[in-house]
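Protein chains in written order, with my numbering: chain X, 53 to 446; chain D, 9 to 156.
Simulated from the structure, these hints should not be mistaken for laboratory data. Here the structure is a predicted model, which means the values were calculated and not measured. Watch out, some of these pointers could steer you wrong.
Among chain X residues calculated to face chain D with C-beta under 8 Å, some are [to be verified]:
#1 93
#2 178
#3 198
#4 205
#5 209
#6 249
#7 251
#8 309
Built from N, CA and C at the ideal position, the CB exists for glycine as well.
Letter by letter, the chains look like this.
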Amino acid sequence: MKEVAILGIGRTKWGKYPDKTWDDLAEEAIRKALADANVDWKDIQMIFGGSEPYSGKYGLAAGSTMHIRMGTHGIPAVNSYNACATGGYALKNAQVYIAAGFCDLVLCFASGISPKGFFVPSQIREFDQTDLDTQRFRVLGQTNPTNFAFKAMRRMHLYGMTEDDLAEIKVKNSKHGASNPYARYQKVYTKEEVLNSPYVAYPLRLFEVCATSDGAAAMVLCSPEKAKQFTSKPVTLLSVGVANPDYNDPIASHGGFAHNLGNFQGDVVESRCAKVAYKEAGVGPEDLSFAEVYDLTSNLELDFYEYIGICKPGEAEKLLRDGETTIGGRMPINPSGGCGASGESSPAQALYQACELVTQMRGQGGPSQVKGAKLGLGIQRGLLDNSSCIIIKK
Amino acid sequence: MSTLKKQIPSLDGWFTMPPEKPMLIGSRCLACGDITFPRSDVCRNPNCSKDKPMETIKFGERGKIFTYTVNYYKAPKPYHSTEPFVPYASAIIELPEGVMVQAMIGTGFHENDLKIGMEMELVIDKLYDDEDGNEVVSWMYRPIKNKK
Numbered sequence: 053m054k055e056v057a058i059l060g061i062g063r064t065k066w067g068k069y070p071d072k073t074w075d076d077l078a079e080e081a082i083r084k085a086l087a088d089a090n091v092d093w094k095d096i097q098m099i100f101g102g103s104e105p106y107s108g109k110y111g112l113a114a115g116s117t118m119h120i121r122m123g124t125h126g127i128p129a130v131n132s133y134n135a136c137a138t139g140g141y142a143l144k145n146a147q148v149y150i151a152a153g154f155c156d157l158v159l160c161f162a163s164g165i166s167p168k169g170f171f172v173p174s175q176i177r178e179f180d181q182t183d184l185d186t187q188r189f190r191v192l193g194q195t196n197p198t199n200f201a202f203k204a205m206r207r208m209h210l211y212g213m214t215e216d217d218l219a220e221i222k223v224k225n226s227k228h229g230a231s232n233p234y235a236r237y238q239k240v241y242t243k244e245e246v247l248n249s250p251y252v253a254y255p256l257r258l259f260e261v262c263a264t265s266d267g268a269a270a271m272v273l274c275s276p277e278k279a280k281q282f283t284s285k286p287v288t289l290l291s292v293g294v295a296n297p298d299y300n301d302p303i304a305s306h307g308g309f310a311h312n313l314g315n316f317q318g319d320v321v322e323s324r325c326a327k328v329a330y331k332e333a334g335v336g337p338e339d340l341s342f343a344e345v346y347d348l349t350s351n352l353e354l355d356f357y358e359y360i361g362i363c364k365p366g367e368a369e370k371l372l373r374d375g376e377t378t379i380g381g382r383m384p385i386n387p388s389g390g391c392g393a394s395g396e397s398s399p400a401q402a403l404y405q406a407c408e409l410v411t412q413m414r415g416q417g418g419p420s421q422v423k424g425a426k427l428g429l430g431i432q433r434g435l436l437d438n439s440s441c442i443i444i445k446k
Numbered sequence: 009m010s011t012l013k014k015q016i017p018s019l020d021g022w023f024t025m026p027p028e029k030p031m032l033i034g035s036r037c038l039a040c041g042d043i044t045f046p047r048s049d050v051c052r053n054p055n056c057s058k059d060k061p062m063e064t065i066k067f068g069e070r071g072k073i074f075t076y077t078v079n080y081y082k083a084p085k086p087y088h089s090t091e092p093f094v095p096y097a098s099a100i101i102e103l104p105e106g107v108m109v110q111a112m113i114g115t116g117f118h119e120n121d122l123k124i125g126m127e128m129e130l131v132i133d134k135l136y137d138d139e140d141g142n143e144v145v146s147w148m149y150r151p152i153k154n155k156k
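Construct the complete structure from the given sequences, taking the supplied hints into account.
In structure tokens form, the structure reads like this:
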């Protein structure tokens, strides 16, 4: 797969913006990315945008909406919604269009305004039996943390993860995120504070569950040839792996109430997605300088150590306890502070991670800079298990 | 359980109703044997020849806890919470039929009352009282009684 140059990045600070709309946030991020790239809006040839159902019809047509808001000049817009993988798919589309020669200077963005507290169905059709998102709340009482707690309980059972481990992940990531100007939370937590927060879904506590948040991120990308007009040292998007789960994937939800247990020998969806990204980039986990993984809850961070191949199944706890995944360790994970520090703006989170990768490659990570960072990975898992994995090099 | 209240299923046709023995209602593919819950007219197995129809089956009488949690925060609507909110347990149950089913366990369970691998039985029990005074019942799994 062909490489693509990243010319500019822009983000809002993640937070709660009750007086703003998703398109207000998107405009801020887009203007910052254009300024960072030193590219004029009218020179953008194509736009790849995404938001989410909470943003309504115009959010589902996010690229077209922002094209009008920024000043329409007739370029095509690809609108994508893939929940947490929205930004990943937007980047993938941009990469493919540029590589195929359809265009050579494009804008990617994603923006979201989240409900306060738990994510809820975007429209409630209480007795519609086909609306499984409504029925999982109504009949099963399943919030997102419920599902993440299911995974945490398996990890405790199989690999001996402890409640201390869960708290230590939050402590580590809060230290990493303390200097991140785009993170919603800069507070450094102690283990005691985390362990004194109430359970949300056992064994997960309030401070181990990331906060639903608002935020937008944007990126200007172009062909490596065109990039020479703007900069001598662009950061490079090597690959975006995208994947859905196998039929018998034992941990996939498949958006349903039941699934069959085959003799599953393959990779779970996050591993599939990471392998696709590694293959397309021509690199492996041993080449990474660090990674940004989707720690919606603390336990998921440990799962991701294994999914991205930096250790074998069951070894993640040891990496954490040995300090290997702290900045200064062998493989820093979430030097940005991860979702624990930023909160999650689900459609924009993949691009938030991608912006973090670029910031590190530029050596602009401040106190959270990973020394000698040359290759970074960001990975996301979304609704119906649709996932994406982004690899960026210096 | 009040005999005055009318019992209605949380989802129509997903499980048997009292006084019938508690069972889930799903479909089995006559070609590959895979089960769907709820019922489906099509088999989703990508490796299936799909040259035979789906049959309706009743299943899920007993199973084991694959994983579970206790929910300590009030879930948003359309979850019907009592006031004050009471924590409730939920789980994924592994059935001998070769299927994992998501299930409510219900209120009154502490995390130490349950364990991965624990033998469970299907019950049809109250989920909530609706505005018309009906008792909405649903499928739930509970530790098997008379067994320590």
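Against the structure, the hints:
With 8 Å as the threshold, the beta carbon of residue 93 of chain X stays out of range of chain D, its nearest partner Cβ sitting at about 39 Å, so the hint is violated. Of the supplied interface hints, the one on residue 178 of chain X holds, with its beta-carbon coming within about 5 Å of a beta-carbon of chain D, less than 8 Å. The interface hint given for residue 198 of chain X is met, as the beta carbon of that residue sits about 6 Å from the closest beta carbon of chain D, less than 8 Å. Nearest Cβ of chain D to the Cβ of residue 205 of chain X: about 5 Å, under the 8 Å cut. The hint holds.
A cut of 8 Å between beta carbons decides the hint on residue 209 of chain X: the least distance to chain D is about 5 Å, and the hint holds. Below 8 Å, beta-carbon pairs count as interface contacts, and residue 249 of chain X has none with chain D, the closest being about 11 Å; its hint is therefore violated. Residue-level restraint check for residue 251 of chain X holds (minimum Cβ-Cβ distance to chain D is 4 Å; threshold 8 Å). Hint on residue 309 of chain X holds. Least Cβ distance to chain D is approximately 5 Å, under the 8 Å limit.
When the structure is compared with the earlier hints, violations turn up for hints 1, 6 and for no others.
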